[in-house]
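Colleague: Residue numbers (this note's numbering), protein chains in the order written: chain U, 5 to 254; chain G, 11 to 186.
These are computed hints drawn from the structure, not numbers from a lab.
Some clues are possibly wrong.
[Unchecked claim] One-sided and incomplete, this derived list gives chain U residues near chain G with beta-carbon spacing under 8 angstroms:
id	residue
1	Asn13
2	Asp17
3	Thr21
4	Ile48
5	Ser49
6	Val52
Glycine included, each C-beta is placed from N, C-alpha and C at the ideal position.
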Amino acid sequence: MCLDDQILNTYLDNELTEPWKSQVEEHLSYCQSCRTRYQNFLKISDAVKSAELTADEIQPHQDRVLSMIEKNYLSKGKSKQSFLRRTFKLSAPQLMGVAAAFVVVFVGSWAVFGHNNTTDSTILLPDVNTTIDLNNITQTRSTDNAATSKSLENYSLDEILKNLDARGYDVDIRLKSIQPLSLDKMSAEVKPIAKILDGGKEITVTSDGLAKDAEGTIVATGVLLKDGEIVASDGTVLWNAEETEIVEIN
Amino acid sequence: MEIRSGDELAFRQVYNEVFPVVMKVAYHVTYNQDVAEDICQDAFIRFYDKDMSFPSMDDAKFWLIRVVKNLSINHVKRKMRESASLEKVMRGPQSNPFKDGASELILKESTAAVRKAVSELPEIYKTVIVLREYAGLNYKEIAGVLKISESNVKVRVHRARKELEARLDREEVNVP
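Input sequences plus hints: build the corresponding full structure.
Modeller: Written out as structure tokens, the structure is:
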């Protein structure tokens, strides 16, 4: 009984476990025809590997992408911005420490430069008051206003309308891009707009906003294709371009 | 060792280790170095921006490979659709991207032929072969990245090599 091609390939990839591995090795040791087929697959595998993009070919791309990311993301995104936005949180003892450090620097400079009498062996310490009046220290944060005052999204539509009404505005609200249901129109215009391969399952999204699996069961409604991603009506991404393969059909 | 993708130090570490792998994946699916570079850049920016946490370096690598693989496949499909419609308009001679001097390297005849054969594989075979031979993943890891079963990987690797054998025979390439 000879070995089939699939076993040979599995063996080639070192994916066979014992005892099968030893059995294959033993068989290959005496069966010329299996050995030839095995060597043929090995040759194919080696040929594919030998056509690999080389390190020399990769390096310039690796450098270029890194410098782009460094310029636009690493330095900018983290250190520069965060320095401006940083909120300084210091506890009272830490503040005392910082203040004391200034005092030491001040006293130190005064002790060195402050007086000329070098023969004076006694160290003169100025009488400084090290207690800190916390009322003189204010901490500001860029988000202070946002935290205390309510922004627009904190109000409900109803509240906004009431407020505008109270100020004498006449507000008319219309819903855009919602069209009345028309059955003949729907059946005429429904066409697939995307196929998603979600872990082996195939899901079809049609222009009426339905997402169905292979059996035709509806798995989501009101979805649409946006920037290569399938999003729900509230904007949540249901299937994004990275986790699933979106096959656009137009 | 936990990896936070938004942490600069961890990001650099992952970048150094994983970039060559994902560049190979992107290139051997798209067979265009500039496109592959764009895809890798896109993937690493997403990786950094999302500030995700991975239990290990390998998990971060698999995430990046999956993203790059999908972006690459999507690119190839889009390209195929575009060229199909373009072809209707004008049928010009197609340049062979496997012999171009984009990298200023004159490829060996056999390398060009193998790359061409891989590029022509059906997508499901191409991805397993790229992940196996170029990304160096084992069957279990390939199964994890593609979200298919290990036995499915086994079958696809085998069929991919059968396909390659036929294609390379037709091209009469003397493989080393």
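Colleague: Taking the least C-beta to C-beta distance, is Ile48 of chain U closer than 8 angstroms to chain G?
Modeller: Constraint on Ile48 of chain U satisfied, holds at 5 angstroms.
Colleague: Let me know if the C-beta of Asp17 of chain U comes in closer than 8 angstroms to any C-beta of chain G, holds or violated.
Modeller: Holds, about 7 angstroms.
Colleague: Interface hint check: Asn13 of chain U, Cβ to nearest Cβ on chain G, cutoff 8 angstroms. Holds or violated?
Modeller: Holds - the Cβ of Asn13 of chain U comes within 8 angstroms of chain G, reaching about 4 angstroms at its closest.
Colleague: Does the interface hint hold: is Val52 of chain U within less than 8 angstroms of chain G, judged Cβ to Cβ?
Modeller: With a minimum Cβ separation of about 5 angstroms from chain G (threshold 8 angstroms), the hint on Val52 of chain U holds.
Colleague: Was the hint right that Thr21 of chain U lines chain G, CB cutoff 8 angstroms?
Modeller: Thr21 of chain U check fails; min Cβ-Cβ to chain G is 11 angstroms, beyond 8 angstroms.
Colleague: At a threshold of 8 angstroms, is the proposed contact between Ser49 of chain U and chain G supported by beta-carbon distances?
Modeller: The hint holds - Ser49 of chain U has a Cβ within 8 angstroms of chain G, the shortest such distance being about 7 angstroms.
Hint check: a violation occurs at hint 3 only; the rest are consistent with the structure.
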